[in-house]
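Letter by letter, the chains look like this.
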Amino acid sequence: MNEMQLLTWVRGPGLNLAVGIFVLGVLWRLFEIYSLGRKKDLSAPRALPGASGWRTIFRRTLPAEGMLKKAPVTYIAGAIFHIGLAIVVFLFAPHIKLIQSLFGISWPALPSQFIDLVTIVTLVAMLVLLADRIMNPVKRFLSTFEDWFTWTLTFLPVLTGWLAVRHLLLPYTTMLALHILCVELLLVFLPFTKLFHAFTVFGSRWFIGAINGHKGVAV
Amino acid sequence: MTASLEKGVRVLKEVIDAPIASYFNSCVHCGLCAEACLFYTETGNPRYTPIHKLEPMRRLYEQEYTLLGRLKKTVGLSKPVTDAELGEWQEMVYNSCTLCGRCSAVCPVGNDIVYMVRKFREGMSASGNAPEGIKGAANRTITIGSPMGVKLPAVKAQMKHVEKDFGIPIPMDVEGAEYMVMLSSMEIMNFPEYLGAIAKIMQHVGKTWTLCSTAFEATNAGMQIGNSDLARVIVSRIVEGAEKLKVKTVISPECGHAYTALRWEGANLVGRPFTFKVQHIVEVLGEFQELGLLKTEGFEKDRLTFHDPCQLARRGGVIQPQRNLLNMVAKNFVEMPDAGYMNWCCGGGGGASAIEEGEALRLEAFKVKKSQFETVKPDRVVTACANCRIVLEEGLEHYQMDLPVVGLTEMVADHLVAKGA
Numbered sequence: 003m004n005e006m007q008l009l010t011w012v013r014g015p016g017l018n019l020a021v022g023i024f025v026l027g028v029l030w031r032l033f034e035i036y037s038l039g040r041k042k043d044l045s046a047p048r049a050l051p052g053a054s055g056w057r058t059i060f061r062r063t064l065p066a067e068g069m070l071k072k073a074p075v076t077y078i079a080g081a082i083f084h085i086g087l088a089i090v091v092f093l094f095a096p097h098i099k100l101i102q103s104l105f106g107i108s109w110p111a112l113p114s115q116f117i118d119l120v121t122i123v124t125l126v127a128m129l130v131l132l133a134d135r136i137m138n139p140v141k142r143f144l145s146t147f148e149d150w151f152t153w154t155l156t157f158l159p160v161l162t163g164w165l166a167v168r169h170l171l172l173p174y175t176t177m178l179a180l181h182i183l184c185v186e187l188l189l190v191f192l193p194f195t196k197l198f199h200a201f202t203v204f205g206s207r208w209f210i211g212a213i214n215g216h217k218g219v220a221v
Numbered sequence: 232m233t234a235s236l237e238k239g240v241r242v243l244k245e246v247i248d249a250p251i252a253s254y255f256n257s258c259v260h261c262g263l264c265a266e267a268c269l270f271y272t273e274t275g276n277p278r279y280t281p282i283h284k285l286e287p288m289r290r291l292y293e294q295e296y297t298l299l300g301r302l303k304k305t306v307g308l309s310k311p312v313t314d315a316e317l318g319e320w321q322e323m324v325y326n327s328c329t330l331c332g333r334c335s336a337v338c339p340v341g342n343d344i345v346y347m348v349r350k351f352r353e354g355m356s357a358s359g360n361a362p363e364g365i366k367g368a369a370n371r372t373i374t375i376g377s378p379m380g381v382k383l384p385a386v387k388a389q390m391k392h393v394e395k396d397f398g399i400p401i402p403m404d405v406e407g408a409e410y411m412v413m414l415s416s417m418e419i420m421n422f423p424e425y426l427g428a429i430a431k432i433m434q435h436v437g438k439t440w441t442l443c444s445t446a447f448e449a450t451n452a453g454m455q456i457g458n459s460d461l462a463r464v465i466v467s468r469i470v471e472g473a474e475k476l477k478v479k480t481v482i483s484p485e486c487g488h489a490y491t492a493l494r495w496e497g498a499n500l501v502g503r504p505f506t507f508k509v510q511h512i513v514e515v516l517g518e519f520q521e522l523g524l525l526k527t528e529g530f531e532k533d534r535l536t537f538h539d540p541c542q543l544a545r546r547g548g549v550i551q552p553q554r555n556l557l558n559m560v561a562k563n564f565v566e567m568p569d570a571g572y573m574n575w576c577c578g579g580g581g582g583a584s585a586i587e588e589g590e591a592l593r594l595e596a597f598k599v600k601k602s603q604f605e606t607v608k609p610d611r612v613v614t615a616c617a618n619c620r621i622v623l624e625e626g627l628e629h630y631q632m633d634l635p636v637v638g639l640t641e642m643v644a645d646h647l648v649a650k651g652a
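Residue numbers (my numbering), protein chains in the order written: chain A, 3 to 221; chain B, 232 to 652.
In short, the hints are calculated from the structure, not lab data.
Mixed in with the good hints, there may be bad ones.
Calculated pairs, BS3-like style, for lysine-lysine (alpha carbon to alpha carbon, straight line, at most 27 Å) [as the list claims (entries may be wrong)]:
{"id": "1", "chain 1": "B", "residue 1": "608", "chain 2": "A", "residue 2": "42"}
{"id": "2", "chain 1": "A", "residue 1": "42", "chain 2": "B", "residue 2": "238"}
{"id": "3", "chain 1": "B", "residue 1": "479", "chain 2": "A", "residue 2": "42"}
{"id": "4", "chain 1": "A", "residue 1": "71", "chain 2": "B", "residue 2": "598"}
{"id": "5", "chain 1": "B", "residue 1": "238", "chain 2": "A", "residue 2": "41"}
{"id": "6", "chain 1": "B", "residue 1": "608", "chain 2": "A", "residue 2": "72"}
{"id": "7", "chain 1": "A", "residue 1": "72", "chain 2": "B", "residue 2": "479"}
{"id": "8", "chain 1": "B", "residue 1": "508", "chain 2": "A", "residue 2": "41"}
{"id": "9", "chain 1": "B", "residue 1": "608", "chain 2": "A", "residue 2": "71"}
{"id": "10", "chain 1": "B", "residue 1": "601", "chain 2": "A", "residue 2": "72"}
{"id": "11", "chain 1": "B", "residue 1": "244", "chain 2": "A", "residue 2": "41"}
If you're wondering where the values come from, they're calculated on a predicted model, not measured in any experiment.
Only chain A is shown next, with the shape it has when bound in the complex (with noise of 0.2 Å):
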């Protein structure tokens, strides 16, 4: 196969086959989860305001009070790689071509030396990550293989895609093709990992909030 040929195969059945187990596997995941349901409280709420799942689901974004100085590499590096992936992925007119061909909507995108330097910064972030998740004790006795494997997972489509627009390393061509290979690997393993975060966040953060808003502690 030559890198013409993977080109194609990446862009064709490959990307139809890694769409379709994300697909799938995140309903599935879904189902699996939240299926199992919880009991009704029977203790009578305490109404007050500013308590609530929905705001809970926002509030969270933010550091608790008192913890960012506790572990600031977590928080800024972080926040500083999620943003940075959001951009990149969504904001990138290549990107949004992609988007565009596919559900046919658009939005402006961002000019492409910016999403360059977004690019480096969460590159940068997720290796200072990478570092505090070896040298932190905490997070080096919490890790198993899947952390250092979804890490890999996630980093790679950063790292070849930037690559590929820079004309570095490989052929355009190959880079762009193994660019496309990774988000594939990407969207195949999600479902299946720590990824999976990226969608139950939302309900663990309702569920939390909800609890907490039931006894009226407002956070």
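Starting from the known structure of chain A, fit chain B onto it as the hints suggest.
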């Protein structure tokens, strides 16, 4: 698989619900919960990372409730939960967790880790892996009536003392009273001033109240141990007592876990909503204050700080009333760092104070309270939980700090304007 393990696994499978599944799937191993846990911050041992305390339960969840996990289990790729492992985990689930809920408060993905530990304890208890100390307390509550072995005659003796000292009659089994007052053994044995304070306050505000001869003990070691059957028996006594006496409100004493057991778990344990209200004494006093029923005179002049019981503040939503009450009777009230919602636990909640073999760890964890106190250098500490009070006193004594701990209710009662004055 032994019979006890089988029972434990069955119970665990029953308690795993959608929130727990969502929480386990959301954890990204960021380690932030460790930074919120006094057992990690004071020992530096990553073993005490809160989410790690749930590891056997997480594996069981994966093996039983996920397609991939079931597959892994079938081909022998995942380690089954064993008796030995649960035995080892006792220290993680009981000794080094007070259910204080700081981890739940900081988790960025919103995992209610304490909710999970509470449920994990159900499986630990069912499989016979709960610590002897809390088991004993739970059994004494069931057979004798209180975790410290206090029986009705002891309460009656206490009533007589208080009646003599304060000259106020203590009502018992009065039908139709507005409030039914609960006690904790700790208050009956160690802090009798609480009952006197209640009598004084109720007389002052002109409310009817009563004790109940069949339900005076509010603490619920059944909940702490994680045995819902025992917890239900203990709560049912209170429900029956309150319904028999047709009271409007049951007052949970100065005890954090008694409040959680009765206020939030009670109705779920008995399987129906209560026909009466449940309030912590601090909430009741706060209401009296708002209604202008508390007429006080004079102020405490020394430097006071307030230790928030976790179950009252972070897990119970009562944060402001205690501050309003303190400011009503104290001139020099100072807040500790992290006070209120993020206050640090005394280290003995959730039944931990009843675990003898956990004492060394508890005292180690107490360093965080010590440093909070050292920052504001109070003359006295006020709190609203008899268990916090005992644990704080033990910790302060161990670190040779001369710092008296007092209850908020007594302090308020001390400042009430005398009747007819």
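Against the structure, the hints:
About 45 Å separates the Cα atoms of residue 608 of chain B and residue 42 of chain A, which puts this hinted pair outside 27 Å; it is violated. Taking the CA atoms of residue 42 of chain A and residue 238 of chain B, the gap is near 25 Å; set against the 27 Å cutoff, the hint holds. Taking the CA atoms of residue 479 of chain B and residue 42 of chain A, the gap is near 24 Å; set against the 27 Å cutoff, the hint holds. For the suggested pair residue 71 of chain A and residue 598 of chain B, the alpha carbons sit about 20 Å apart, so the restraint of at most 27 Å is met.
With a C-alpha separation of about 21 Å, the suggested pairing of residue 238 of chain B with residue 41 of chain A holds against the 27 Å cut-off. Restraint check for residue 608 of chain B and residue 72 of chain A: satisfied, since their Cα atoms lie roughly 23 Å apart, inside the 27 Å limit. Restraint check for residue 72 of chain A and residue 479 of chain B: not satisfied, since their Cα atoms lie roughly 46 Å apart, outside the 27 Å limit. At roughly 21 Å between alpha-carbon atoms, residue 508 of chain B and residue 41 of chain A fall within 27 Å of each other, so this suggested pair holds.
Between residue 608 of chain B and residue 71 of chain A the CA atoms are separated by roughly 23 Å; this keeps the pair inside 27 Å, and the hint holds. Of the pairs offered as hints, the one joining residue 601 of chain B and residue 72 of chain A holds, with about 19 Å between alpha carbons and a cut-off of 27 Å not exceeded. Distance restraint check for residue 244 of chain B and residue 41 of chain A: the Cα-Cα separation of roughly 14 Å lies within the 27 Å cut-off, and the hinted pair is therefore satisfied.
Checked against the numbered hints given earlier, this structure breaks hints 1 and 7; the rest are met.
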